[in-house]
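Participant: Let the hints inform the model, and build the full structure from the sequences given.
Heads up: the protein sequence lines correspond to chains H and E, in order. When the count follows this note's numbering, it moves up by one through the first sequence with no breaks and lands on 204 for the last residue. When the count follows this note's numbering, it moves up by one through the second sequence with no breaks and lands on 204 for the last residue.
It is possible that some hints are incorrect.
[To be verified] List of simulated lysine to aspartate or glutamate pairs, DMTMM-like, C-alpha gap at most 20 Å:
{"#": "1", "chain 1": "H", "residue 1": "192", "chain 2": "H", "residue 2": "103"}
{"#": "2", "chain 1": "E", "residue 1": "182", "chain 2": "H", "residue 2": "165"}
{"#": "3", "chain 1": "H", "residue 1": "138", "chain 2": "H", "residue 2": "199"}
{"#": "4", "chain 1": "E", "residue 1": "161", "chain 2": "H", "residue 2": "199"}
{"#": "5", "chain 1": "H", "residue 1": "134", "chain 2": "E", "residue 2": "31"}
{"#": "6", "chain 1": "E", "residue 1": "134", "chain 2": "H", "residue 2": "185"}
{"#": "7", "chain 1": "E", "residue 1": "161", "chain 2": "H", "residue 2": "191"}
{"#": "8", "chain 1": "E", "residue 1": "60", "chain 2": "E", "residue 2": "124"}
[Stated by the list, open to error] Simulated restraints on C-beta separations:
{"#": "9", "chain 1": "E", "residue 1": "69", "chain 2": "H", "residue 2": "39", "range": "48 to 54 Å"}
{"#": "10", "chain 1": "E", "residue 1": "188", "chain 2": "H", "residue 2": "131", "range": "39 to 45 Å"}
{"#": "11", "chain 1": "H", "residue 1": "74", "chain 2": "E", "residue 2": "59", "range": "35 to 41 Å"}
{"#": "12", "chain 1": "H", "residue 1": "162", "chain 2": "E", "residue 2": "43", "range": "46 to 52 Å"}
{"#": "13", "chain 1": "H", "residue 1": "165", "chain 2": "E", "residue 2": "87", "range": "28 to 34 Å"}
{"#": "14", "chain 1": "E", "residue 1": "184", "chain 2": "H", "residue 2": "38", "range": "39 to 45 Å"}
{"#": "15", "chain 1": "E", "residue 1": "74", "chain 2": "H", "residue 2": "165", "range": "39 to 45 Å"}
{"#": "16", "chain 1": "H", "residue 1": "74", "chain 2": "E", "residue 2": "184", "range": "21 to 27 Å"}
{"#": "17", "chain 1": "H", "residue 1": "51", "chain 2": "E", "residue 2": "61", "range": "17 to 23 Å"}
Since the hints were derived computationally from the structure, they do not count as laboratory data. Note that beta-carbon positions come from the ideal geometry of N, C-alpha and C, so glycine has one too.
Protein chains: 2
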Amino acid sequence: MSKKAKFDRQQVIENATNLYWEKGYHATSMRNLQDAIDLRPGSIYAEFGSKDGVFKASLEHYAELGLTELENLRIQSSSPVEALKGFIKQVVIDSQNEAPSCMCMLAKTVAELTDDQPELLSVAKNALKSVENQFAQLIVEAQKKKEIGKSKDPQELARFLQIQITGLRVYAKTSDDNGPLEKMIDELFDHHPFQ
Amino acid sequence: MSKKAKFDRQQVIENATNLYWEKGYHATSMRNLQDAIDLRPGSIYAEFGSKDGVFKASLEHYAELGLTELENLRIQSSSPVEALKGFIKQVVIDSQNEAPSCMCMLAKTVAELTDDQPELLSVAKNALKSVENQFAQLIVEAQKKKEIGKSKDPQELARFLQIQITGLRVYAKTSDDNGPLEKMIDELFDHHPFQ
DNA sequence: GATATATTTGAACAATCGCTCAATTATTTT
DNA sequence: AAAATAATTGAGCGATTGTTCAAATATATC
Numbered sequence: 010m011s012k013k014a015k016f017d018r019q020q021v022i023e024n025a026t027n028l029y030w031e032k033g034y035h036a037t038s039m040r041n042l043q044d045a046i047d048l049r050p051g052s053i054y055a056e057f058g059s060k061d062g063v064f065k066a067s068l069e070h071y072a073e074l075g076l077t078e079l080e081n082l083r084i085q086s087s088s089p090v091e092a093l094k095g096f097i098k099q100v101v102i103d104s105q106n107e108a109p110s111c112m113c114m115l116a117k118t119v120a121e122l123t124d125d126q127p128e129l130l131s132v133a134k135n136a137l138k139s140v141e142n143q144f145a146q147l148i149v150e151a152q153k154k155k156e157i158g159k160s161k162d163p164q165e166l167a168r169f170l171q172i173q174i175t176g177l178r179v180y181a182k183t184s185d186d187n188g189p190l191e192k193m194i195d196e197l198f199d200h201h202p203f204q
Numbered sequence: 010m011s012k013k014a015k016f017d018r019q020q021v022i023e024n025a026t027n028l029y030w031e032k033g034y035h036a037t038s039m040r041n042l043q044d045a046i047d048l049r050p051g052s053i054y055a056e057f058g059s060k061d062g063v064f065k066a067s068l069e070h071y072a073e074l075g076l077t078e079l080e081n082l083r084i085q086s087s088s089p090v091e092a093l094k095g096f097i098k099q100v101v102i103d104s105q106n107e108a109p110s111c112m113c114m115l116a117k118t119v120a121e122l123t124d125d126q127p128e129l130l131s132v133a134k135n136a137l138k139s140v141e142n143q144f145a146q147l148i149v150e151a152q153k154k155k156e157i158g159k160s161k162d163p164q165e166l167a168r169f170l171q172i173q174i175t176g177l178r179v180y181a182k183t184s185d186d187n188g189p190l191e192k193m194i195d196e197l198f199d200h201h202p203f204q
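Facilitator: If you want it as structure tokens, here you go:
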């Protein structure tokens with residue numbers, strides 16, 4: 010009795026994410042978005058409600074992407090610390106060539122938005138916290154495998170990693186020499202607060 | 010033969026800086042700016058040429074503000090390391106209550122802008138590098154005073170500090186508990202790569 | 001094939017964007 | 001006081017913003 014053929018929602022969100030990730034919230038217009046996801050305004054507003062709705066879906070998709078990648082690295086590696094190090098190298102180094110922006114989209118959003126967009130800001134903050142919690146979980150696992158001393162507080166170490174990643178990614182955008190960054194990542198787990 | 014009474018350029022730039030610092034480049038409109046600095050479009054364009062011109066002047070003023078603050082802290086303190094630590098505590102902790110944004114305006118700009126604004130991006134990057142160089146200079150001084158081992162590379166330590174500050178300031182925006190951050194700052198100079 | 005209905009389209013809305021410039025105002029020199 | 005000129009004003013430019021909705025289209029049911 011009705012028409013069912015719809016666009017590929019997942020593909021649409023992926024394209025929207027790539028555009029928002031590159032340009033940020035304010036610099037991305039609905040017309041930019043329409044072109045990037047190949048949908049007319051009516052369809053976008055029927056599916057997402059507003060520009061904010063698309064951005065929110067993008068933030069959630071981006072966070073899911075990161076968490077999935079971390080899981081995959083954990084499966085591929087025999088060591089939780091190696092998985093963490095691989096993740097950090099990927100987001101800090103590899104993302105410079107492959108990703109829409111070398112910045113973390115969540116950190117970029119937290120940096121860009123003010124309390125004028127409380128919900129979007131909250132989504133970004135919560136997503137960052139989710140990633141941090143996943144870090145902590147891997148650190149607990151590493152402690153069980155004696156890769157990290159059991160006296161350390163996993164949440165504290167996870168927070169430390171988040172801070173390092175954010176700092177490193179912003180710095181990566183200011184510099185074209187990855188040498189020092191790779192060295193810093195390699196040494197991350199060899200000193201305080203990990204050792 | 011002519012009219013000379015002009016607005017206070019320094020005050021105008023200061024007001025513009027505070028607005029741009031809070032809202033970022035794209036979210037700040039020329040009308041927002043007109044209200045904040047109490048000037049009509051004609052005067053603004055006569056003095057700064059464009060929205061980008063005002064932003065550039067703001068970036069430069071912001072950088073100057075930071076460098077001056079660092080100098081003042083150095084004069085007030087007998088120790089270069091104490092000056093550095095004081096600077097970091099101020100920008101990470103105190104700025105949450107006092108400043109237009111707890112974010113570093115330069116890092117925020119680097120995070121927000123793309124190659125669509127190459128000149129503004131370059132100004133922000135260069136300003137960050139200037140601050141980093143100032144850090145390095147204080148570290149050299151600290152080495153002379155035996156506060157830091159002379160085998161350490163000042164530029165490497167300065168870069169490390171920049172990365173820590175950026176990471177800490179973004180994290181501060183996601184969290185309302187400063188305890189862990191203050192502890193991290195206090196311990197910054199007690200471990201690798203400083204010791 | 002006709003009907004019903006969900007989906008998709010794209011022109012167009014009011015508001016706002018960065019910016020221009022003729023007109024007005026204020027100050028200095030004569 | 002008059003003339004000269006720089007500074008300031010603010011209405012308004014064309015373009016773009018986020019969003020709406022009547023019309024057109026495509027699919028499922030009968």
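Participant: Each hint: holds or not?
Facilitator: We went through each hint and held it up to the structure:
As the CA atoms of residue 192 of chain H and residue 103 of chain H are separated by approximately 15 Å, the hinted pair is consistent with the 20 Å bound. For the hint pairing residue 182 of chain E with residue 165 of chain H, the CA-to-CA distance comes to about 17 Å; that is within 20 Å, so the pair holds. With a C-alpha separation of about 24 Å, the suggested pair residue 138 of chain H and residue 199 of chain H falls outside the 20 Å cut-off, and the hint is violated. Proximity of residue 161 of chain E to residue 199 of chain H is assessed by CA-CA distance (about 17 Å); at most 20 Å being required, the pair is judged to hold.
The suggested pairing of residue 134 of chain H with residue 31 of chain E holds, with an alpha-carbon distance near 18 Å, which does not exceed 20 Å. Of the supplied pair hints, the one linking residue 134 of chain E and residue 185 of chain H holds, its CA atoms being roughly 12 Å apart against a limit of 20 Å. Using a Cα cut-off of 20 Å, the hinted pair residue 161 of chain E and residue 191 of chain H holds, with the two alpha carbons roughly 18 Å apart. Simply put, residue 60 of chain E and residue 124 of chain E have alpha-carbon atoms about 17 Å apart, close enough for the 20 Å limit, and the pair holds.
As the Cβ distance of residue 69 of chain E to residue 39 of chain H is approximately 34 Å, the hint placing it in 48 to 54 Å is violated. Under the hint 39 to 45 Å, the C-beta atoms of residue 188 of chain E and residue 131 of chain H, about 22 Å apart, miss the expected range. Taking the beta carbon of each, residue 74 of chain H and residue 59 of chain E are about 37 Å apart, inside 35 to 41 Å as hinted. A hinted range of 46 to 52 Å holds for the C-beta pair residue 162 of chain H and residue 43 of chain E, which are about 50 Å apart.
Between residue 165 of chain H and residue 87 of chain E the Cβ separation comes to about 32 Å, which falls inside the hinted range of 28 to 34 Å. Hint check: residue 184 of chain E to residue 38 of chain H, Cβ distance near 32 Å, so the stated range 39 to 45 Å is violated. Against the hinted window of 39 to 45 Å, the Cβ-Cβ separation of residue 74 of chain E and residue 165 of chain H comes to about 33 Å, which falls outside the hint. Evaluation of the 21 to 27 Å hint for residue 74 of chain H and residue 184 of chain E yields a pass: the beta carbon distance comes to about 23 Å.
For residue 51 of chain H and residue 61 of chain E, the hinted distance range of 17 to 23 Å is not satisfied, since their beta carbons lie about 35 Å from each other.
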